[in-house]
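> Read off the chains here:
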Amino acid sequence: DSGVTQTPKHLITATGQRVTLRCSPRSGDLSVYWYQQSLDQGLQFLIQYYNGEERAKGNILERFSAQQFPDLHSELNLSSLELGDSALYFCASSNRSGTGNEKLFFGSGTQLSVL
Amino acid sequence: AQKVTQAQTEISVVEKEDVTLDCVYETRDTTYYLFWYKQPPSGELVFLIRRNSFDEQNEISGRYSWNFQKSTSSFNFTITASQVVDSAVYFCALSGGSSGSARQLTFGSGTQLTVLP
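Heads up: the protein sequence lines correspond to chains A and B, in order.
Mapping of the first sequence onto the numbering used here: residues 1045 to 1159, in sequence order.
Mapping of the second sequence onto the numbering used here: residues 1011 to 1127, in sequence order.
A few of these clues could be false.
In silico lysine to any residue, SDA-like type, Cα no more than 20 Å apart, as pairs [claimed, not checked]:
id, chain 1, residue 1, chain 2, residue 2
1, B, Lys1013, B, Pro1050
2, B, Lys1080, A, Asn1145
3, B, Lys1013, A, Asn1145
4, B, Lys1013, A, Phe1113
5, A, Lys1053, A, Gly1072
6, A, Lys1147, B, Val1023
7, B, Lys1048, A, Lys1101
8, A, Lys1147, B, Thr1041
9, A, Lys1147, B, Asp1065
10, A, Lys1147, B, Asn1068
11, B, Lys1013, A, Leu1083
12, A, Lys1147, B, Val1094
13, B, Lys1048, B, Ser1119
14, A, Lys1147, A, Gly1047
15, A, Lys1147, B, Ala1017
16, A, Lys1053, B, Pro1051
17, A, Lys1147, B, Val1125
Think of the hints as simulated: they come from the structure by calculation, not from any bench.
On a predicted model such as this, the values are computed, not experimentally measured, just so you know.
The task is simple: from the sequences and hints, build the whole structure.
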């Protein structure tokens, strides 16, 4: 058990809809990372937050947004969903700010299926 | 841009055999970090090893060993005396020393390792 909690584990929705994925980092970790894992794109970095502030942004679509709250949990919002958004979305946390050499602890992921 | 290539898509071995997973990377950074993560059938990614670009000393940890060679931009991972529980997808990853998104992990496409009893 990594200590990172993601909910829900599975999400089935329709095209055009909006969903929210939630992540609670390990106790004491200030950084939260979001990754997307799909069959065609593999594992891709989406966005990182550190202590409530956006720290780095990767291949995140404009239809997607995220935030980190004062209690350090994070939410990833996906809107105007398309079939191609179906993927496994991972949250990871670390106790560092994003220096590149962090050991990341990953949650078990949220499997999103867009029908 | 950073890139990680894992040419082996799938490997199948019989229990107790040794197996090496290959990883080749590309980066323009002089300081970078290399990682191996494991994704068992349960789905959660698990950290295995991390190496700095300025530390080419190879290491053995139990049944695992790593071979980092800057001259060939390779960071290979070996499991000795494989076990059925080693069956998983193994990802090689790279992060750069420069700022912003370059510091984030760039993953290879993964190698599915199946260890047969």
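> With reference to the structure, classify each hint as holding or not holding.
Here's how the hints hold up against the structure:
1. For the hint linking Lys1013 (chain B) to Pro1050 (chain B), the alpha-carbon distance of about 23 Å lies beyond 20 Å, and the restraint is violated.
2. Among the hinted pairs, Lys1080 (chain B) with Asn1145 (chain A) is consistent with the structure: their alpha-carbon atoms are about 17 Å apart, no more than 20 Å.
3. This hinted pair checks out: Lys1013 (chain B) and Asn1145 (chain A) have alpha carbons roughly 17 Å apart, not beyond 20 Å.
4. Between Lys1013 (chain B) and Phe1113 (chain A), the direct Cα distance comes to roughly 33 Å. Violation of the 20 Å bound is thereby established for this hinted pair.
5. Distance hint between Lys1053 (chain A) and Gly1072 (chain A) is unfulfilled; the C-alpha atoms sit about 23 Å from each other, more than 20 Å.
6. At roughly 29 Å between alpha-carbon atoms, Lys1147 (chain A) and Val1023 (chain B) are farther apart than 20 Å, so this suggested pair is violated.
7. Between Lys1048 (chain B) and Lys1101 (chain A) the alpha-carbon distance is near 24 Å, which puts this suggested pair outside the 20 Å criterion.
8. Proximity of Lys1147 (chain A) to Thr1041 (chain B) is assessed by CA-CA distance (about 17 Å); at most 20 Å being required, the pair is judged to hold.
9. Taken as a hint, the Lys1147 (chain A) and Asp1065 (chain B) pair is honoured in the structure, with Cα atoms around 17 Å apart against an allowance of 20 Å.
10. At most 20 Å may separate the alpha-carbon atoms for a hinted pair to count; Lys1147 (chain A) and Asn1068 (chain B) meet this at roughly 19 Å.
11. Our distance criterion of 20 Å between C-alpha atoms is met by Lys1013 (chain B) and Leu1083 (chain A), whose separation comes to about 18 Å.
12. Of the pairs offered as hints, the one joining Lys1147 (chain A) and Val1094 (chain B) is violated, with about 26 Å between alpha carbons and a cut-off of 20 Å exceeded.
13. The hinted pair formed by Lys1048 (chain B) and Ser1119 (chain B) meets the criterion: a straight-line CA distance of about 12 Å does not exceed 20 Å.
14. Distance hint between Lys1147 (chain A) and Gly1047 (chain A) is fulfilled; the C-alpha atoms sit about 13 Å from each other, no more than 20 Å.
15. Proximity of Lys1147 (chain A) to Ala1017 (chain B) is assessed by CA-CA distance (about 24 Å); at most 20 Å being required, the pair is judged violated.
16. Using a Cα cut-off of 20 Å, the hinted pair Lys1053 (chain A) and Pro1051 (chain B) holds, with the two alpha carbons roughly 15 Å apart.
17. Restraint check for Lys1147 (chain A) and Val1125 (chain B): the C-alpha separation of about 27 Å exceeds 20 Å, so the hint is violated.
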